[in-house]
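**Student:** Given next are the chains, with one letter for each unit.
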Amino acid sequence: MDKEFTTISIPTSLYKKIEESIRGTEISSVSSYIAKVVQEALSKAEAEPDVFNKEDEEKIKERLKALGYID
Amino acid sequence: MIPPHGPKLVDRVLDDAQRRDVLEKTKGLPHVQLDEGSISDVENIATGVFSPLAGFMGREDFHHVLNEMRLSNDIPWTIPIVLDVDKGEAARLKAGRDVVLADEEGDPVAVLHLEEKYDYDREEMARKVLGTTDSAHPGAAKVLGLKDVLLSGKIDLFREAPTPYGRFKLSPRETRVLFKEKGWRTVAGFQPSGTPHFGQEPMRNPALAFTDGLFLSPVVEKKKKGVAKDEVILASCKEHMKDPYWKQRAVMAVLQLQARHAGPREAVFHALIRKNFGCTHIIIDRDRAGAGNYYHPFAAQDIFEEFPDLGIVPLFFRGDDRDPFHE
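Protein chains in written order, with my numbering: chain U, 3 to 73; chain L, 5 to 331.
One thing to keep in mind: the hints can contain errors.
[To be verified] When the alpha-carbon atoms are kept at most 25 angstroms apart in a straight line, the in silico BS3-like pairs for lysine-lysine are as follows:
#, chain 1, residue 1, chain 2, residue 2
1, L, K132, L, K151
2, U, K67, L, K186
3, U, K63, L, K246
If you are wondering where the hints come from, they were derived from the structure by calculation, not from laboratory data.
Using the sequences provided together with the hints, build the complete structure.
**Tutor:** Given below as structure tokens:
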């Protein structure tokens with residue numbers, strides 16, 4: 003299946019800097035590098051600070067105690 | 005704690021008040037009856053085992069998974085999680101409307117917020133996911149027997165189905181709290197193929213040299229009591245856990261999951277699932293999730309080279325871990 007791509011603009015100086023820094027690495031292109039960095043940044047932004055709140059955690063601990071997993 | 009895959013841990017289990025409200029609103033809506041495997045899928049989606057999936061896959065994700073082993077947002081994912089219905093059923097369902105997913109007795113299990121109905125090619129799915137369209141392959145036989153139309157959309161779970169293994173079933177939220185309580189920063193997931201046995205010692209013990217704890221998590225496929233294979237597996241795991249060393253260094257909980265027999269792709273799928281449970285490492289033995297001689301014994305290990313961004317460390321064991329006392 004073909005991926006769809008679009009074009010974005012970045013300063014040429016930044017492009018060259020990235021090109022230089024990925025030379026000899028497994029990253030094949032500046033586009034791949036930028037896609038990876040942006041994806042990581044978005045993932046971080048979407049991440050919840052905690053998977054659950056304190057109240058949920060206490061309820062879970064009670065169940066774990068009842069099941070004998072913790073004392 | 006290692007972040008979940010995606011990285012949000014999905015929670016789509018309705019609480020009591022939400023359940024009453026949604027059940028009221030869904031009265032009179034069309035029902036789709038699920039088989040046991042699909043009920044497991046629904047529960048695994050809702051409880052975060054399949055995070056970041058919040059429902060059954062749409063066409064775009066389905067094709068991405070088939071062709072690139074990734075979701076359309078580029079997150080690694082190797083097994084299509086789909087819900088199939090026949091053409092007649094599909095015709096009476098409308099995208100944008102809710103559908104009640106029911107068990108074999110007709111009791112509501114979940115609500116599907118139907119987003120899309122789409123056709124697909126079963127042979128293509130079998131060939132790409134399983135590497136074969138041979139109906140002698142148990143996974144291929146299942147895929148080739150799927151119904152004509154796939155439904156996609158987020159789900160909300162009313163309740164988890166009762167299971168004789170409920171006492172030994174933990175959700176990813178629960179294992180994450182458990183590992184934290186035990187003070188384990190690193191945990192190796194170990195999903196025994198069949199019953200844990202002496203031949204697997206060379207895998208489990210070295211794994212504990214790298215990690216703080218071991219998560220022994222056998223898969224049971226059936227919710228019914230009296231399924232010999234599942235009961236023997238559970239009994240064997242319980243026996244292992246009586247050992248004082250294991251009590252200290254391991255925890256055991258079952259996972260209800262339908263086997264796809266997809267070999268290498270399923271090995272990666274197991275890794276993603278264990279990451280959601282809070283495992284930082286996963287033991288991958290030879291011929292993981294294989295079927296007969298369809299896959300090279302090390303294919304399930306080699307495939308990990310294609311996923312440098314998986315976020316969980318695979319521990320490969322090359323030795324033959326088949327039960328030495330089993331014919």
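**Student:** Hints the structure violates: just list their numbers, smallest first.
**Tutor:** none
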